[in-house]
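Novice: The primary structure of each chain is shown beneath.
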Amino acid sequence: MTPGSSHPDILIVGGGLLGCASAWHLARRGLRVALVEQSQVNAGASGQNAGSLHFQIERRFLEQGEEAASDAARIVSLNRLAIAEWQGLEDMLGRGLDIAMHGGLMVAETEAEMALLAFKVARENALGLPTRLLDADELRARAPCLSPHLAGAAWLAEEGHANPRILAGAFAQQAAREGAVIACGARLTGLAMQADGQYRATIEGLDGLGEVTTPRVLLASGHWSARLAGLLGLNLPLYPVPLMMNVTERGEQVLPFLVQHVGQRLSMKQSEDGNFLIGGGWPSRFRRRADGLPDLDRPGEIVEANLLGNLAVAARVMPGLAARSLLRSWTGTTCISADQLPLVGEVGKAPGLFVAAGGSLFTLGPVLARLLAQTIVDGRPADELALFLPDRFAHLNAFAVLP
Amino acid sequence: MNASMSYDVAIVGGGPAGMAAAERTIGAGLSTCLIDEQPRLGGQILRQPPPGFAVTGWQSGRLYRAARALLARVERLDAFDFRAGHAVLGVGAGHAEEGGFALSVQPLATGGVERIDARRVIVAGGCYDMPVAFPGWTLPGVMSAGAVQTLLKSPQVLPGGRIALFGTHPLMIVLAEQILAAGGEVAGVHFAQPRRAMLAALGPRLPGVLRAWRPLLEGARGLANLRQAGVPVHFGSAIVRAEGGDALEAITLLRAGGRERVACDVAAMCYGFLPQSDLVRQVGAAVRWAPGPGGWETLCDEGMRSSLPGLYVAGETAGVAGSDVAMLRGALAGVTLACDAGALDEVEGARVAAALRARIARLAPFTAMLRELADPQAYLPEPELETLVCRCEDVSARALDAAIAACAEGDDGFGASAVKLRCRAGMGLCQGRSCEHAVIRRIARASGREAAQVAGFTARFPARAVPIAELLERDAPAR
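As given, the protein sequences belong to chains A and B, one line each in that order. First residue of the first sequence? That's 1 in the working numbering, and the numbers climb one at a time after it. First residue of the second sequence? That's 1 in the working numbering, and the numbers climb one at a time after it.
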């Protein structure tokens, strides 16, 4: 940390997409921003996910029955904002980001799955998202590389993918240009609220310990956010989820779309370079620490059965994939909140403490960062964040003692 | 995935080190599984002809005598599982309660993935030829010396009529003799380093080296044989480029006397060897940048224990030192493991280990001399800006340099993975084996660091690129 940043207007903890994008928005609005990242920018889930831009209601929301699905469907209104955000992102950041929004398909293999898709499409259309149901013939005409055995798909023209390897870095670069101080290799080891309501943060950096005093802290640290909130005695219902991803060698361009599956865990796409990226929420397994507890700080290890399960679904949906070679599988740790929706906004019990974490945050990251920055600058939550405010879990912090 | 098999020891690699380790663990009564991609034992040094083929005088040279004797002994053992034709794709933690390791193994003939559980693992993965990028190196006909040797040893094939050898490693002398013996023509042996540099490496160590005199004698005799056969052997003769249309036609070399163009069908490079360490890096054992050609050698203690409890290394995975040392280190790993497992009396184990270490120490002067004498670092050819450094992903030296410069903007401690993410070097089918050392060297040069200070690519599952259809194949016989 440089001395000039020991009293920033806000301390952002985490150099992922949310942290870097928020840093940029806030710095542009004139705040003195200090961002600390324990390793490198984009080293965590922001860079390890598959870069899907998915705006249809996710399969995980459909797993819990129709009522839960209807609740979760409210996220669709945010998805519509996210579409517009992605469409303007390259202009906004002034550089290419490998954003491809050529459409997305959520496929179905059975009639039962088609019925679920129909239910989903009806919900989405009612909320203003223009998904459309394709029958088997329409699907084949649109995506001849997919299996002829598919029953159909839900189509959304705005879906696609972007390159997760460069997005957070692009925000970080712009943030630095706007004056944000970004310190990599700097870990938050202590956080306390002073009597005057300011936060005192202890940062362990490459050049020793540093202290930062600031009126605002943003925890944008993925699954670590819960543990960092714990430094203040606060509870955030965020739980780590170790996942895996796979990439094949390059091939001829045959798949311009994002492909998901309504009944199976699958996300599949072909990158600009021709590699196929295959994932969809298949778990890896945490390694164990010496004391036997799961090691949340290291990437999980591959579970062969899940690897094969993931590849099998992908090859069933797109038979030509079987001829491609698997180059790499990797793991990363995302997190999930108690109600599956992200936590974005101020923690009421600790004024000045903000959080932005909770899954699906590649697709929603850019728009949430903008809304969060607006919230921080305006001093009141943006209307669009109503669904995501951390205080829906305020009861978990009823017994916290602050300062 | 098939039901798992459980062993006291899994040994990855059936070369001299793996065989020597297996001999000791089996001897100590430990249930042992030896896994190798090849259909037969022997590793690269004793690459055997395919099963059912007999070759008169196979590998009859004296350099192979000790390894052949070991091969014969291990082939006679029957109290162990030899998984021939199996590729190890990954090593991970074993059962939560029991510990140990779980290996993801692919039977190459049938496909599918099997799990092998083992309390302890010895990785004896060997090494591979250091690939070096220079103008024209991607032309068909430019190969590694090891590839030529493998073709000679196993299918007994000569890859071309006129074969030129270039590089810094004395293995070229052995290979040239093998080519001649197979009826091929050697269009010249070109050592990039001057003769005086080789003598300077040899001189001060001569007394110690003479205790392991046989390889030296073989080398001298090989040189004499080549001279007699009319094969030109040059020193201080460094490759500049390879030329040709669809395939190699000639190489150009630079010597004190000027440039020489040598017409040839095959040009084989021999700059030394990089340790195979993908599995140990994948599972998280500590490695360090190796001297000379570079690459990552696994850190281990004097008993060949890696930084991970239960994981041992042997042979070139622990640092390239040749097959004689590999065999001794394999035996040492086996003995240490047997002691750690309580299968070998500690006093007896310590005695055997001390004897093995003493034999390794006797070879050390020769190993050190050879490493210095063959060190390619000062003699590596320079790629032009348009030369591909990563041939899987078509990344030129120019594109690589641009990525390195971009990484340097934000961060002065960046490693090879950051560069890979920007320009795709190392992302392709070889998984970075070919270009990693070159990427690291270029980063080091650009940022004023030592290569050892630059972090390498992250090692991932699977250790080899595998067609998805082969992974999904479920017809593997149940075990």
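Hint data in this document are derived by calculation from the structure and do not stem from the laboratory. Check before you lean on any hint, since a few could be wrong.
[What the hints assert, rightly or not] Cβ-Cβ distance ranges computed for the label pairs, FRET-style:
id	chain 1	residue 1	chain 2	residue 2	range
1	B	302	A	98	47 to 55 Å
2	A	141	B	394	44 to 52 Å
3	A	291	B	302	25 to 33 Å
4	A	192	B	394	49 to 57 Å
5	A	291	B	453	42 to 50 Å
6	A	205	B	402	42 to 50 Å
7	B	402	A	256	37 to 45 Å
8	B	448	A	401	21 to 29 Å
9	B	386	A	66	23 to 31 Å
10	B	156	A	256	33 to 41 Å
11	A	136	B	78	55 to 63 Å
12	B	78	A	187	52 to 60 Å
[To be verified] Which chain B residues stay away from chain A? Per the calculated CB distances, all over 10 Å, these:
id	residue
13	93
14	302
15	346
16	379
17	393
18	429
19	466
20	468
21	472
Please read all numbers here as calculations on a predicted model, not as lab measurements. Ideal Cβ positions, reconstructed from N, Cα and C, are used throughout, including at glycine.
Novice: A separate judgement is required for each hint: does it hold in the structure or not?
Specialist: Outcome of the hint check:
1. At about 50 Å, the CB distance of residue 302 (chain B) to residue 98 (chain A) agrees with the hint of 47 to 55 Å.
2. Separation of residue 141 (chain A) from residue 394 (chain B) is about 34 Å and departs from the stated range, judged on CB atoms against 44 to 52 Å.
3. Checked against the hint of 25 to 33 Å, the C-beta distance between residue 291 (chain A) and residue 302 (chain B) comes to roughly 29 Å, which is consistent with it.
4. Remark: the range hint 49 to 57 Å for residue 192 (chain A) to residue 394 (chain B) is upheld by a beta-carbon distance near 53 Å.
5. About 32 Å separates the C-beta atoms of residue 291 (chain A) and residue 453 (chain B), a value inconsistent with the hinted range of 42 to 50 Å.
6. The supplied range of 42 to 50 Å is broken by residue 205 (chain A) and residue 402 (chain B), whose beta-carbon atoms lie about 30 Å from each other.
7. Range check, residue 402 (chain B) to residue 256 (chain A): about 28 Å between beta-carbon atoms, so the 37 to 45 Å window is missed.
8. Taken as a hint, the range 21 to 29 Å is violated for the pair residue 448 (chain B) and residue 401 (chain A), whose Cβ atoms sit roughly 51 Å apart.
9. Hint check: residue 386 (chain B) to residue 66 (chain A), Cβ distance near 60 Å, so the stated range 23 to 31 Å is violated.
10. At roughly 49 Å, the beta-carbon separation of residue 156 (chain B) and residue 256 (chain A) lies outside the given 33 to 41 Å, and the hint is violated.
11. At about 57 Å, the CB distance of residue 136 (chain A) to residue 78 (chain B) agrees with the hint of 55 to 63 Å.
12. Between residue 78 (chain B) and residue 187 (chain A) the Cβ separation comes to about 55 Å, which falls inside the hinted range of 52 to 60 Å.
13. Not every C-beta of chain A lies more than 10 Å from that of residue 93 (chain B), the closest at about 6 Å, which undercuts listing it as non-interface.
14. Every CB of chain A is more than 10 Å from the CB of residue 302 (chain B) (nearest about 24 Å), matching its label as outside the interface.
15. At the 10 Å boundary, the C-beta of residue 346 (chain B) stays outside the reach of chain A, the nearest C-beta of that chain being 25 Å off.
16. Under the 10 Å C-beta cut-off, the non-interface status given to residue 379 (chain B) relative to chain A holds; the minimum distance is some 33 Å.
17. Listed as outside the interface, residue 393 (chain B) is inconsistent with that label: its C-beta sits roughly 8 Å from the nearest C-beta of chain A, within the 10 Å cut-off.
18. With a least CB separation of 5 Å from chain A, residue 429 (chain B) falls inside the 10 Å interface cut-off, contrary to its annotation.
19. A Cβ of chain A approaches the Cβ of residue 466 (chain B) within 10 Å, the least distance being about 5 Å, so the stated non-interface status is violated.
20. The Cβ of residue 468 (chain B) sits about 5 Å from the closest Cβ of chain A, inside the 10 Å cut-off, so the non-interface label is violated.
21. With a closest Cβ-Cβ approach of about 6 Å to chain A, residue 472 (chain B) is found to fall inside the 10 Å limit, against its non-interface label.
Hints 2, 5, 6, 7, 8, 9, 10, 13, 17, 18, 19, 20 and 21 from the earlier list are contradicted by this structure; the remaining hints agree with it.
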